[in-house]
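Asks: Sequence lines, in order, name chains G and B.
In terms of numbering that gives the first Met the number 0, the first sequence is residues 0 to 159.
In terms of numbering that gives the first Met the number 0, the second sequence is residues 0 to 205.
Some hints could be false.
[Unchecked claim] Derived contacts from chain G toward chain B, CB cut-off under 10 Å, selection only:
id, residue
1, S9
2, A16
3, V19
4, T22
5, L25
6, S27
7, P55
8, Q93
9, M94
10, A116
11, A120
12, F139
13, I152
14, G153
15, S155
16, T156
The hints are simulated quantities; they were obtained by calculation from the structure and are not laboratory data.
Predicted model, so just to flag it, every value in this text is computed and none were measured.
Glycine is no exception: its CB is placed at the ideal position from the N, C-alpha and C atoms.
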Amino acid sequence: MSELKKVGISDYAVARAPDVIVTYALGSCVGICLYDNAKKIGGLSHIMLPDSSMAPRGETNRMKFADTAVADITRDLKNMGAGRLTAKIAGGAQMFATPATGAMGNIGERNVKAVKAALAALRIPIIAEDTGRDYGRTVFFDVATGIMKVQSIGRSTHEL
Amino acid sequence: MISNYEELQDMHIDVLREIGNIGAGNAATSLAMILNAEVGIRLPTVRITDFDTALNAMGGAEAMTVGVLLNFSGEANGMIMFLLGMDDAQNITSVLVQDDAPAEEGLSEMKLSAIKEIGNILGSAYVNSIALLTGLHIDLSVPYIAIDMAGAILSVPIIEFGAVGDKVMFIEESFFTNEQKLNSNVIMFAEVDTLQRIMGRLGIEG
Numbered sequence: 000m001s002e003l004k005k006v007g008i009s010d011y012a013v014a015r016a017p018d019v020i021v022t023y024a025l026g027s028c029v030g031i032c033l034y035d036n037a038k039k040i041g042g043l044s045h046i047m048l049p050d051s052s053m054a055p056r057g058e059t060n061r062m063k064f065a066d067t068a069v070a071d072i073t074r075d076l077k078n079m080g081a082g083r084l085t086a087k088i089a090g091g092a093q094m095f096a097t098p099a100t101g102a103m104g105n106i107g108e109r110n111v112k113a114v115k116a117a118l119a120a121l122r123i124p125i126i127a128e129d130t131g132r133d134y135g136r137t138v139f140f141d142v143a144t145g146i147m148k149v150q151s152i153g154r155s156t157h158e159l
Numbered sequence: 000m001i002s003n004y005e006e007l008q009d010m011h012i013d014v015l016r017e018i019g020n021i022g023a024g025n026a027a028t029s030l031a032m033i034l035n036a037e038v039g040i041r042l043p044t045v046r047i048t049d050f051d052t053a054l055n056a057m058g059g060a061e062a063m064t065v066g067v068l069l070n071f072s073g074e075a076n077g078m079i080m081f082l083l084g085m086d087d088a089q090n091i092t093s094v095l096v097q098d099d100a101p102a103e104e105g106l107s108e109m110k111l112s113a114i115k116e117i118g119n120i121l122g123s124a125y126v127n128s129i130a131l132l133t134g135l136h137i138d139l140s141v142p143y144i145a146i147d148m149a150g151a152i153l154s155v156p157i158i159e160f161g162a163v164g165d166k167v168m169f170i171e172e173s174f175f176t177n178e179q180k181l182n183s184n185v186i187m188f189a190e191v192d193t194l195q196r197i198m199g200r201l202g203i204e205g
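Using the sequences plus the hints, can you model the full thing?
Replies: Structure follows, in structure tokens:
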């Protein structure tokens, strides 16, 4: 039986085939699907901020930040026996057409950049990407096939 | 000193609640003027709550939602977001804009700008309540609008809050006229030094 695992904001989950992992309504956050195609082991991380150095005092959730979340989920996947990983990423939208001047600037774009840097540091190649623009995305990651399905309001669903 | 929203004490939350109450009262007055009708308001609920609770109150992560965002700056920095469910957005704008655009095609351009203006006026009502209580000089940006999944829209304030904790200030307000009921939510984010300044102005140790 395939199980549907839900990932919230600042959260991640790992799974084996035939499970599906979902995260709903990514806005400026980024969803990162990591996959070992040979062993059919995968994980989905939903990060909110680029860098753990932005953490407030007393912050304990490493899953919130691109750098620490990518490192931790990769470690968990390796512990499950995963070998060579590839990545597919989605999200990082700019939901409102505000000028990128506030403390956060264009946070969607910064999140995407940080995710790419974190993946590059671990030598994990990105093989598909649906990022930026100005709309929300729900991501289903099928660990049986490695397909990332992206759903948005008023747009056709597509598989990457 | 408060360094994040987790550390707010009851007395701080009471201040925020009072800002919310005054803001909602001002908002009802503004709304009455726009709608040219008497507008009543139920006592708003002001909560410092986590992201999931706020999302559930809005019908879940994928509920189609209209968000109007205003940034404020000057002696107080932060953002205020006015949130409406799609049905409420259709209802309120149909009072203001008589056009024949079918509802299933979403909000027409006219209705969109009406919502933006309502968000602008209601958002200003809250920010003015801070200015009124504290005497701080606050500038407000133009309104920005997005229509999308609730989770995606809420990601914007939640990210701002994220650098200072996992809680948001979430206001549920309910306006009514003779014919209509309008449920809306407001999320207000003030930077930590702004929170401290507000508390300081009110003689409360921030």
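Asks: Each hint needs a verdict: does it hold in this structure or not?
Replies: Hints, one by one, checked against the model:
Contact between S9 of chain G and chain B, as hinted, is supported at the beta carbon level, the nearest pair being about 7 Å apart and thus within 10 Å. With 10 Å as the threshold, the beta carbon of A16 of chain G stays out of range of chain B, its nearest partner Cβ sitting at about 26 Å, so the hint is violated. Evaluation of the V19 of chain G hint against chain B yields a violated restraint, the C-beta minimum of about 16 Å exceeding 10 Å. A distance limit of 10 Å between C-beta atoms decides the matter here; for T22 of chain G the minimum to chain B is near 9 Å, and the interface restraint holds.
Residue-level restraint check for L25 of chain G holds (minimum Cβ-Cβ distance to chain B is 6 Å; threshold 10 Å). Below 10 Å, beta-carbon pairs count as interface contacts, and S27 of chain G has one with chain B at about 5 Å; its hint therefore holds. A distance limit of 10 Å between C-beta atoms decides the matter here; for P55 of chain G the minimum to chain B is near 5 Å, and the interface restraint holds. Below 10 Å, beta-carbon pairs count as interface contacts, and Q93 of chain G has one with chain B at about 9 Å; its hint therefore holds.
Because the beta carbon of M94 of chain G sits about 5 Å from the nearest beta carbon in chain B, less than 10 Å, this interface hint is met. Interface restraint check: A116 of chain G against chain B, minimum CB-CB distance 18 Å, threshold 10 Å, status violated. Because the closest C-beta pair between A120 of chain G and chain B is about 22 Å apart, greater than 10 Å, the hint is violated. Below 10 Å, beta-carbon pairs count as interface contacts, and F139 of chain G has none with chain B, the closest being about 12 Å; its hint is therefore violated.
Given the 10 Å rule on beta carbons, the hint for I152 of chain G holds: about 6 Å separates it from the nearest Cβ of chain B. Nearest Cβ of chain B to the Cβ of G153 of chain G: about 8 Å, under the 10 Å cut. The hint holds. Using the Cβ-Cβ criterion of 10 Å, the hint placing S155 of chain G at the interface with chain B is not satisfied: the shortest such distance is roughly 16 Å. Restraint check, T156 of chain G versus chain B: the minimum CB separation of about 13 Å is more than 10 Å; hint violated.
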